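Position chain B relative to chain A; hints supplied.
Residue numbers (numbering that gives the first Met the number 0), protein chains in the order written: chain A, 0 to 232; chain B, 0 to 600.
Among the hints, erroneous ones may be present.
Anything over 12 Å on all C-beta distances counts as not near chain B; from chain A, calculated [unchecked claim]:
no., residue
1, F31
2, M43
3, L47
4, K113
5, L121
6, L127
7, E137
8, S143
9, S159
10, P201
Keeping only pairs whose Cα atoms sit at most 20 Å apart, straight-line, the calculated SDA-like set for lysine to any residue is [claimed, not checked]:
no., chain 1, residue 1, chain 2, residue 2
11, B, K459, B, L27
12, B, K228, A, K150
13, A, K32, B, H227
14, A, K32, B, E565
15, A, K42, B, L156
16, A, K42, B, R230
17, A, K150, B, G283
18, A, K32, B, V567
19, B, K228, A, F48
20, A, K150, B, L27
21, A, K150, B, L265
22, A, K150, B, R230
23, A, K150, B, P286
24, A, K42, A, H198
25, B, K228, A, A206
Here are the computed distance ranges between Cβ atoms for each label pair [to be verified]:
no., chain 1, residue 1, chain 2, residue 2, range
26, B, N577, A, S33, 53 to 61 Å
27, B, Y199, A, M69, 49 to 57 Å
28, A, L192, B, L364, 27 to 35 Å
29, B, V567, A, L212, 57 to 65 Å
30, A, M69, B, D574, 54 to 62 Å
These are computed hints drawn from the structure, not numbers from a lab. In this text, all values refer to a predicted model and were calculated from it rather than measured experimentally. Ideal Cβ placement from N, Cα and C applies to all residues, glycine included.
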Amino acid sequence: MASIQADPHGAHPPAEDLSRPYHERYHAAHHFKSRDHEFDSVKMGVWLFLGTEILLFSGMFVAYAIFRMMHPEAFIAGSGKLSVGWGLLNTIVLLLSSYTVAAAVRHAQTNNQKWLRINVLLTFFAGLAFLLIKFVFEYWPKYSEGKLPGKFYSYPYSTSEYEPLWWAIYWGATSIHASHVIIGMGLFAWIWLRARKQHFGPGHYNAVEGVGLYWHIVDIVWIFLFPLLYLIH
Amino acid sequence: MATIGDIHKSGLPHHGHAHGHDHHGSYLERKGGMIVTIWDWMTTVDHKKIGVMYLFAILFMFFLGGVAALVVRTELLQPNVATVAASGSVTYSGNLIGHAFGQGENIAKSNEFYNRAMTLHGVIMVFLVIVPSVPASLGNFLLPLMLGAKDVAFPRLNLASWYVYLLGSIFAIISIVQGGVDTGWTFYTPYSTTTDAAYYNVVWMVTAAFILGFSSIFTGLNFVVTVHKLRAPGMGWFDMPLFVWGIYGAAIIQVLATPVIGITLLLLIFERLFHIGIFDPRMGGDPVLFQHFFWFYSHPVVYVMILPGMAVINEMIATGARKPIFGYRAVAFSTLAIAGISFIVWGHHLFTSEGEVAAVVFSALTFLVAIPSAVKVFNWISTLYKGSISMATWNLYALAFLWLFTIGGLTGLFLGSLAVDLHLHDTYFVVAHFHYVMMGGTIIAFIGAIHFWWPKMFGKMYNEFWARIAFFLVFIGFNATFFPQFVMGSQGMPRRYANYVDVFQPYHFASTIGSYILALGFFLHLFVFLHSLAAGRKAGPNPWGSLTLEWTNASSPPIEHNFDHEPVVTHGPYDYDNVIPPQTAPGEFVLPKPAAVAIKH
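For reference, chain A alone in the conformation it holds in the complex:
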């Protein structure tokens, strides 16, 4: 108590031993009582943010449900033109990345710096692989065949009048999801740079945990998009 009263900010200890790694020296921001207090708050904030993400995507899912009900034939015709194989491969890539990001959090908790960095990097490359598969084997062929949303639709062999609407849903949902993958990769690059400087360890891994949770929500959205877009005919 005496030391707290000597320092009304309650955050800055008198002397710092700079030879110790950052995560050991880390002190919670001045308005938190402890690192645990900060960690709990950060985690709650991240969960709320994930709630907003679910609600953001819910708009796409509602649009999917309504238009599927209004124009089932367009959705059957459209989803038949997707390649289940590439979709499945991407699902596997994302599921594996879910493991690597969880492992990264675990290695931060156990102060295993090397494997923390490796797993963060693996997750980053899983995101990259997802995007490459998406763009090279799915977006690009569809783009060149004219299977595009709305007024850009020029595919000559469509079997349903409202097929452009299906492609609007497909491109809308997957592109918003892909933009989340890109953001996630940016976050993992940031985590990796910080991990190299030993910023994370048992007492301080807020950012790893938060970004990990974000990555899981990106995965889960895909877990729902994959059957809805690719599998249901």
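Only chain B this time, still in chain A's reference frame:
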């Protein structure tokens, strides 16, 4: 300063935190020259500074939106004459308006101009003023102080939200400079996807609203976590001031509803730029889906607008009556009830475009809102009952809120009834109802709250006499502006028209004159505030004799880290029966009349 600090350090129990601690200056203290000070403010993560920055940004936008409103009202002075456009007093910039005004008759120009001014007023007032008004400015400033915390949970996110707000404002201004939009603030499809086809104004404006949504989410998320995690020792959920409950309810809606408008506006931008067909029936899409999406956010968000207004009313009524809030728990739970119900009533904006069964269901659900709203109003009236009611400007505003919000709320019941709504739909009755709730509710509460917390924010008192004069101008002007609109609306005057039949002219005339009085009142308030900043009397830490932590444990203005020591909560926020408000200086605050004097145990 140092000597005052030394005296306080020697330990007067209740005055120990007054202005001038030895090494903790007020948060307003300048750190250096002009550049250093500006840089300090621009990069601050202090919730108080961010709150003040929000306050000034919002008041500036309020001015812009108000000017647009005056243009609209001036145009409506006469039934068929292009008042504004023909007078030549308004110059146009930007390609689009230039284009629109380059050809055609005066009347067409006038209509075009009217639509844009009306939209400008709506978009600015809703997205840039009322939504952030109380939470982002006063909420930011007060929430940590009321909870006994040093800051909000995520200070950097808080600063980011201000910059995102600024970015959104810039997008809106870009759209305005290019000629503005004529869609109305609701951006209904298919009009919003086809109007001004050759220009990008609508895209800029919709993007602005999209960006502003993030600012709103950041603020809301921050507040929810702050309330959960940063309450002072001894402060349980039901020891929190009701202001915090209101802000908390609004924050939950902000977090849960705003993402939906995000995806809606994103789809609208896609529709506009790429014509993807989601809202276009020719391509199998559904324009009514846009309305559902839009109101799934925008109905909850009117409670984001009103709940913080109600929140500040609690503090002002309790302090102004020197009594505990009647039915604290009922008021607290009614906040959560409003937040919950807000998500299931969006369909009452679509009575004429959705199915009949849906309309009946949504009508029934809509009436549920009346219950928690009435619980609040009756509890406030019960609080005032036998109280020693202050007639300070802020409490006058609180009392005005009770009047105006009640009128606004009751007329809402008319609109929630299906049969009556078919008659009143899209008339000035709706406009009047909306303004009685949003302006008579939120803005009136906001202006009152700025007076109430002004001494705390800036350490200066304002001139009570002139502030009261301004209040009466605002109150009279407001009613003169909007009450005639109820009458002409019920007689069939449709909203959003620049021209009307002659029979409505007396009402429009009264309404326009009222709006000028209103503007006069607001300008007088502005001068009162500026005078206070320049030459106001120094404020003590607790000039109104309140019991919440920002008054009892912090100086005016607060020090940079809010409190010298973390406060420990020992009495309720409205425990006026048992506690004599600390930190009040002799002569500054007059104790209530003997009959109602608080008894010290």
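Hints, verified against the model:
Listed as a non-interface residue, F31 of chain A fails to keep its Cβ farther than 12 Å from every Cβ of chain B; the least gap is roughly 8 Å. Not every Cβ of chain B is farther than 12 Å from the Cβ of M43 of chain A; the closest lies at roughly 5 Å, contradicting the non-interface assignment. Annotated as non-interface, L47 of chain A brings its C-beta within 12 Å of a C-beta of chain B; the closest such distance is 5 Å. With 12 Å as the threshold on Cβ separation, the claim that K113 of chain A sits away from chain B holds: the shortest Cβ distance comes to roughly 30 Å.
Once the 12 Å rule is applied to beta carbons, L121 of chain A is consistent with being away from chain B; the minimum gap is 29 Å. Non-interface status of L127 of chain A relative to chain B is upheld: no Cβ of that chain comes within 12 Å, the nearest being about 25 Å off. Every C-beta of chain B lies more than 12 Å from that of E137 of chain A, the closest at about 18 Å, which supports listing it as non-interface. Against chain B, the non-interface label of S143 of chain A holds: every CB pair exceeds 12 Å, the least being about 17 Å.
At the 12 Å boundary, the C-beta of S159 of chain A falls inside the reach of chain B, the nearest C-beta of that chain being 9 Å off. Taking the minimum C-beta to C-beta distance to chain B, about 22 Å, the non-interface status of P201 of chain A holds against the 12 Å cut. Restraint check for K459 of chain B and L27 of chain B: satisfied, since their Cα atoms lie roughly 12 Å apart, inside the 20 Å limit. For the given pair, K228 of chain B sits about 50 Å from K150 of chain A by alpha-carbon distance, which is inconsistent with the 20 Å threshold.
A hinted pair counts as satisfied when its Cα atoms are at most 20 Å apart, and K32 of chain A with H227 of chain B qualifies at roughly 14 Å. Taking the CA atoms of K32 of chain A and E565 of chain B, the gap is near 11 Å; set against the 20 Å cutoff, the hint holds. Our distance criterion of 20 Å between C-alpha atoms is met by K42 of chain A and L156 of chain B, whose separation comes to about 14 Å. A C-alpha spacing of about 17 Å is found between K42 of chain A and R230 of chain B, which places the hinted pair at or below 20 Å, so the restraint holds.
For the hint pairing K150 of chain A with G283 of chain B, the CA-to-CA distance comes to about 12 Å; that is within 20 Å, so the pair holds. The suggested pairing of K32 of chain A with V567 of chain B holds, with an alpha-carbon distance near 14 Å, which does not exceed 20 Å. At most 20 Å may separate the alpha-carbon atoms for a hinted pair to count; K228 of chain B and F48 of chain A meet this at roughly 16 Å. Taking the CA atoms of K150 of chain A and L27 of chain B, the gap is about 56 Å. The hint is violated against a cut of 20 Å.
A hinted pair counts as satisfied when its Cα atoms are at most 20 Å apart, and K150 of chain A with L265 of chain B qualifies at roughly 17 Å. For the hint linking K150 of chain A to R230 of chain B, the alpha-carbon distance of about 54 Å lies beyond 20 Å, and the restraint is violated. Proximity of K150 of chain A to P286 of chain B is assessed by CA-CA distance (about 17 Å); at most 20 Å being required, the pair is judged to hold. Restraint check for K42 of chain A and H198 of chain A: satisfied, since their Cα atoms lie roughly 18 Å apart, inside the 20 Å limit.
Among the hinted pairs, K228 of chain B with A206 of chain A is consistent with the structure: their alpha-carbon atoms are about 18 Å apart, no more than 20 Å. Under the hint 53 to 61 Å, the C-beta atoms of N577 of chain B and S33 of chain A, about 34 Å apart, miss the expected range. Here the CB-CB span from Y199 of chain B to M69 of chain A is close to 30 Å, at odds with the stated 49 to 57 Å. L192 of chain A and L364 of chain B have their C-beta atoms about 51 Å apart, which leaves the hinted 27 to 35 Å range violated.
For the pair V567 of chain B and L212 of chain A, the beta carbons lie near 34 Å from each other, so the given range of 57 to 65 Å is not met. Checked against the hint of 54 to 62 Å, the pair M69 of chain A and D574 of chain B passes, with Cβ atoms roughly 59 Å apart.
Checked against the numbered hints given earlier, the structure breaks hints 1, 2, 3, 9, 12, 20, 22, 26, 27, 28, 29 and satisfies all the rest.
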